[in-house]
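Trainee: Let the hints inform the model, and build the full structure from the sequences given.
Listed here are the chains, written in short residue letters.
There are 2 protein chains.
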Amino acid sequence: MPASDRVKRGMTESSWIRRMFEEGITLKQKFGADKVFDLSLGNPIVEPPAEFTSEIRRLAENPIPGMHRYMENAGYPETRAAVASQLAGETGIKYTGSDIIMTCGAAAALNVTLKTLVNHGDEIIIFSPYFAEYFHYISNHYGIPRVLPTDDRFLPRLDALGEAIGPKTRALLINSPNNPSGVVYQDEFLDQLGTLLHEKSARLGHPIYLLSDEPYKRLIYDGVKFAYPSRHYVNTIIVNSHSKDLALPGERIGYIAIHPDCSDRAELLDGFVYCNRTLGFVNAPAIMQHAIRRLQAITVSIADYQRKRDFLYENLTNMGYSMLKPQGAFYMFPKTPIPDDVAFIRELQQELVLTVPGQGFGTPGYFRISYCTDDHVIEGSLSGFRKVARKYGLC
Amino acid sequence: MPASDRVKRGMTESSWIRRMFEEGITLKQKFGADKVFDLSLGNPIVEPPAEFTSEIRRLAENPIPGMHRYMENAGYPETRAAVASQLAGETGIKYTGSDIIMTCGAAAALNVTLKTLVNHGDEIIIFSPYFAEYFHYISNHYGIPRVLPTDDRFLPRLDALGEAIGPKTRALLINSPNNPSGVVYQDEFLDQLGTLLHEKSARLGHPIYLLSDEPYKRLIYDGVKFAYPSRHYVNTIIVNSHSKDLALPGERIGYIAIHPDCSDRAELLDGFVYCNRTLGFVNAPAIMQHAIRRLQAITVSIADYQRKRDFLYENLTNMGYSMLKPQGAFYMFPKTPIPDDVAFIRELQQELVLTVPGQGFGTPGYFRISYCTDDHVIEGSLSGFRKVARKYGLC
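As they're listed, the protein sequences go chains A and B.
So for the first sequence, the working numbering puts the first residue at 195; every next one is plus one.
So for the second sequence, the working numbering puts the first residue at 195; every next one is plus one.
Please keep in mind that the hints were generated in silico from the structure rather than gathered at the bench.
Treat the hints with care, since some could be wrong.
Identical chains blur together in the list; that is why a pair holds if it fits in one copy or across any two.
[Stated by the list, open to error] Below, a list of computed lysine-lysine pairs in the DSS-like style, where the Cα atoms sit at most 30 Å apart:
(1) K394 <-> K202
(2) K202 <-> K362
(3) K202 <-> K229
(4) K202 <-> K288
(5) K581 <-> K394
(6) K519 <-> K202
(7) K585 <-> K362
(8) K502 <-> K585
(9) K362 <-> K502
(10) K502 <-> K229
(11) K394 <-> K222
Note that the coordinates shown come from a computational prediction; the quantities given were computed from them, not determined experimentally.
Mentor: Here is the structure:
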């Protein structure tokens, strides 16, 4: 009995994304890195913006005394204020520093939030296709992931949601721009969602919290605007990271932002601080809290991502692949030409093209492509995509 | 029902250390920072060694392409190899990079290890006085903290341990040099402990793991040597951080090191990687993994700590306070002159001297002093200590 039953179960069901990433490493060793076209992991190849590099240089050359010590578990007041000020400007909601908890990325923010909210057996609603890690995060704290469907535009089905919400429901977890579908929720949808949650909360006599996972909110194309869930529902808790907008996934820096008018705000904030501390995060890395303070308005270039998306979308649809054109993030989620998505991605893998089967996101019959990679990888993948498309009579 | 029952319970029982730290902030605002003598928190005021500062400068001036991206969840192979090489040199045990998982500090390392090991209701044995956070870490994963006593030298009582180990026991968690007592376990004791655990594991038919929390192992005085638990028991899992030896507590960098001959090593390592990922740590901060790679043999100056300890020990014992002379870490754990340790530290607080009551460490009748602070704070605290000592007839 070395590892616990829950961990063993978690490992067997573990991430298809990481599995493909690791199989990719093996394939690269065997065939050479330039022969393998890895579209499996959302690990941006762009470097952080120049403004980040100069902030780090400034800190390295002029260290602030005490800058590597413990601070309050919630983070530096100046960093929290900077995050709040940017959010307030974007949303028109009066966020202040006291609404912000700095965290070791969005994965930490979600674990902290879920641990704070969940009693053993409480339900957290997610929508398929979902980011597979959500399942593990919810289970960590003995919550039950309740998976609901989306419609043919990958929008959560509100009729199913209305039926599913019950006394055990503690929260919904949404993600727009969405990983893996690339869909961006619009104000009209969020307004309907907010109204439904408001009614259901009133009927149940306790708030249903809306957890909004927003790491891709700056990566949106074609002039589409990000619509803020917090503007449509007061009991919204934002979790975010700078992994994508500042290209810092390895540094683990992000935050929780609670709506200033959220129900039981003070107790939740105390809970977040307690869980940030006791889950072992303690605080978000000090140097990153110093570095990102002045970078709240900065984003990596999205023109490059849009160009990659356009190139790949055009080529794949010309080959006969069927998909919604993604509006944000850096993923595509086409249908597989055969029902068995694992068999399909294994075919692609034979051609040394690495993708992730839809069942890794709770949605068999699709596959995910991550295009936050070098152009030569994207270009090199086309011949494999074409060969498999031909095999299944798409073109 | 905003925060979950477990979190609410955790918060009420929450850390005396953090409570005193926070009350200290209020007192400083009221009376002025220079009038309050805060000996409550183990937040070292020393700056990181010059070698660290120049590593950060080197990285800032010559960024490595991709240095802020995701890496394998276990950490950079080069960093893991550097940690292993240092450990192998110190212990004579053949640690290699594959035995090391880089973590966001020791608090993360403990949560990852405990989540990996603990089934709902499994027992983890700790010894009073213990670092209070252990309680929360164990409870996070639905484990049961089983508290056992130490003897009059603050060494775990092996007779009590022998009786307490049963089918539900998964692991023991020890901490030498000890927070709060300052005791350093010696080889003779560890040998007896190892023998007992070996016998008990054989009788139960499953290994009892020894979790060794070693953040203070470089902070030892009077020429006393650190004795490695892993040399006395093969099923030892080290958790460590660079918060104290490199004075980087705000940066959250540490590691897990599993004994290369540990039972079920491969499954445990898989579990650690899985839990590091899904608890939301994902990986230890990338820049710190780059920075500490070449600093494995570096430690802050301990002469300063020893001087502070000697000064405070001599003064307090002269006033009549009774304590074991601490051999390591930067804490003292004297007896309170009255049985009610909370009443006693409140008396000190009236004199604007901040310490932590022993019951915060599961050991009423004592109090903890943290002396990793400025000399003027230590010197300034003496008059308050003297006044309260007189009140209780110590001198």
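Trainee: How would you classify K519 and K202 at a CA-CA limit of 30 Å: within, between, both, or neither?
Mentor: neither (38 Å within a copy, 45 Å between copies)
Trainee: When Cα atoms must be at most 30 Å apart, do K394 and K202 count as within-copy, between-copy, both, or neither?
Mentor: Answer is between; shortest inter-copy Cα gap is 25 Å, intra-copy 36 Å.
Trainee: Is it within a copy, between copies, both, or neither that the alpha carbon of K581 lies no farther than 30 Å from that of K394?
Mentor: neither (50 Å within a copy, 61 Å between copies)
Trainee: At most 30 Å between CA atoms: does that hold for K502 and K229 within a copy, between copies, both, or neither?
Mentor: Result: close within a single copy only, 19 Å intra versus 61 Å inter.
Trainee: Within a copy, between copies, both or neither: which one fits K202 and K362 at a CA-CA cutoff of 30 Å?
Mentor: both (26 Å within a copy, 18 Å between copies)
Trainee: Is it within a copy, between copies, both, or neither that the alpha carbon of K394 lies no farther than 30 Å from that of K222?
Mentor: For K394 and K222, neither the intra-copy (51 Å) nor the inter-copy (46 Å) Cα distance is at most 30 Å.
Trainee: Classify it for me, K362 with K502: is the Cα-Cα distance of at most 30 Å met within a copy, between copies, both or neither?
Mentor: Neither, since 43 Å and 55 Å both go past 30 Å.
Trainee: At most 30 Å between C-alpha atoms: does K502 with K585 qualify within a copy, between copies, both, or neither?
Mentor: within (25 Å within a copy, 76 Å between copies)
Trainee: With identical chains treated as interchangeable, where does the CA-CA distance between K585 and K362 reach 30 Å or less: within a copy, between copies, both, or neither?
Mentor: neither (47 Å within a copy, 56 Å between copies)
Trainee: What label fits K202 with K229 when the C-alpha limit is 30 Å: within, between, both, or neither?
Mentor: This pair counts as neither: shortest intra-copy Cα distance 34 Å, inter-copy 54 Å.
Trainee: Within a copy, between copies, both or neither: which one fits K202 and K288 at a CA-CA cutoff of 30 Å?
Mentor: between (44 Å within a copy, 28 Å between copies)
Violated hints, listed in ascending order, are 3, 5, 6, 7, 9 and 11; each of the other numbered hints is respected by the structure.
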